Amino acid sequence: SAVISQKPSRDICQRGTSLTIQCQVDSQVTMMFWYRQQPGQSLTLIATANQGSEATYESGFVIDKFPISRPNLTFSTLTVSNMSPEDSSIYLCSVEVPGRANTEAFFGQGTRLTVV
Amino acid sequence: QQPVQSPQAVILREGEDAVINCSSSKALYSVHWYRQKHGEAPVFLMILLKGGEQKGHEKISASFNEKKQQSSLYLTASQLSYSGTYFCGTERVDSSYKLIFGSGTRLLVRP
Chain E
510 SAVISQKPSR DICQRGTSLT IQCQVDSQVT MMFWYRQQPG QSLTLIATAN
560 QGSEATYESG FVIDKFPISR PNLTFSTLTV SNMSPEDSSI YLCSVEVPGR
610 ANTEAFFGQG TRLTVV
Chain V
5 QQPVQSPQAV ILREGEDAVI NCSSSKALYS VHWYRQKHGE APVFLMILLK
55 GGEQKGHEKI SASFNEKKQQ SSLYLTASQL SYSGTYFCGT ERVDSSYKLI
105 FGSGTRLLVR P
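Keeping their order, the protein sequence lines are chains E and V. Per my numbering, the very first residue in the first sequence carries number 510; after that it's consecutive. Per my numbering, the very first residue in the second sequence carries number 5; after that it's consecutive.
Simulated from the structure, these hints should not be mistaken for lab results. The structure presented is a predicted model; accordingly, all values stated were derived computationally and were not measured. Glycine residues also receive a C-beta, built at the ideal position from the N, C-alpha and C atoms. Do not rely on the hints blindly, as some may be mistaken.
[Unchecked claim] What the simulated footprint calls covered on chain V by chain E, stretch by stretch (three residues with Cβ under 8 Å from a Cβ of chain E suffice, anywhere in the stretch; the number is not a length):
| hint | segment |
| --- | --- |
| 1 | 10-24 |
| 2 | 62-76 |
[Claimed, not checked] Pairs of lysine-lysine residues, derived as BS3-like cross-links and limited to a Cα-Cα distance of at most 30 Å, are as follows:
| hint | chain 1 | residue 1 | chain 2 | residue 2 |
| --- | --- | --- | --- | --- |
| 3 | E | 574 | V | 102 |
| 4 | E | 516 | V | 72 |
| 5 | E | 574 | E | 516 |
| 6 | V | 54 | V | 102 |
| 7 | V | 30 | V | 54 |
| 8 | V | 72 | V | 30 |
| 9 | V | 41 | E | 516 |
| 10 | V | 102 | V | 41 |
| 11 | V | 54 | V | 41 |
[As the list claims (entries may be wrong)] Label-pair distances were calculated between CB atoms; the ranges are:
| hint | chain 1 | residue 1 | chain 2 | residue 2 | range |
| --- | --- | --- | --- | --- | --- |
| 12 | V | 110 | E | 517 | 21 to 31 Å |
| 13 | E | 606 | V | 44 | 17 to 27 Å |
| 14 | V | 81 | E | 529 | 37 to 47 Å |
| 15 | V | 62 | E | 533 | 44 to 54 Å |
| 16 | E | 625 | V | 43 | 14 to 24 Å |
| 17 | V | 41 | E | 588 | 24 to 34 Å |
With the hints as constraints, model all of the structure from the sequences given.
See the structure below:
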């Protein structure tokens with residue numbers, strides 16, 4: 510299993526500003542994933558963060574808007590830049606670790622972002 | 005390319021059964037199932053690999069039909085604690101290691 514600490518748990522931000530979300534894992538993992546979940550909706554993958562290389566972004570997400578850092582195997586940050594009210598959402602980091610059958614995904618508790 | 009889940013919502017009485025389906029248009033390597041309670045992170049339930057296996061965890065089991073790229077989650081003799089939103093996460097053969105989640109199924113179990 511993996512224990513993920515995500516900070517902050519929630520924030521209210523002014524439009525036009527940026528927020529950096531931190532994700533700390535209690536074990537070394539190869540890949541970390543960042544998701545966005547709007548209220549009552551499913552989880553949408555933003556990007557995959559590998560240590561030592563640039564993050565891989567999904568369609569509809571760009572590095573200028575969501576820059577990601579992955580300085581080591583236990584830590585990653587996601588920045589939401591130049592925020593607008595449409596960015597209000599829950600952001601979750603996730604890791605996959607070997608399980609009994611295959612890899613299992615674990616999630617942080619999420620960061621609830623409100624942009625005003 | 006998001007997998008399709010059905011039904012969107014289910015209301016059960018305690019002790020009743022339910023089936024949640026997940027269907028993909030792409031070839032899958034695995035299907036994961038998660039349950040998310042309000043205000044909490046999704047919690048892993050089980051994973052099914054291609055090969056048509058069926059798995060179980062207490063009174064929750066699942067199957068994966070590799071030919072149809074479909075998976076079903078079976079909730080037997082539901083308990084109040086089963087309430088939440090269930091998501092399937094699919095891992096495609098052509099893009100492994102990342103999960104694409106279905107739209108979710110809201111399950112409410114009433115006494």
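Can you name, in rising order, the numbers of the hints this structure does not satisfy?
1, 2, 4 and 15
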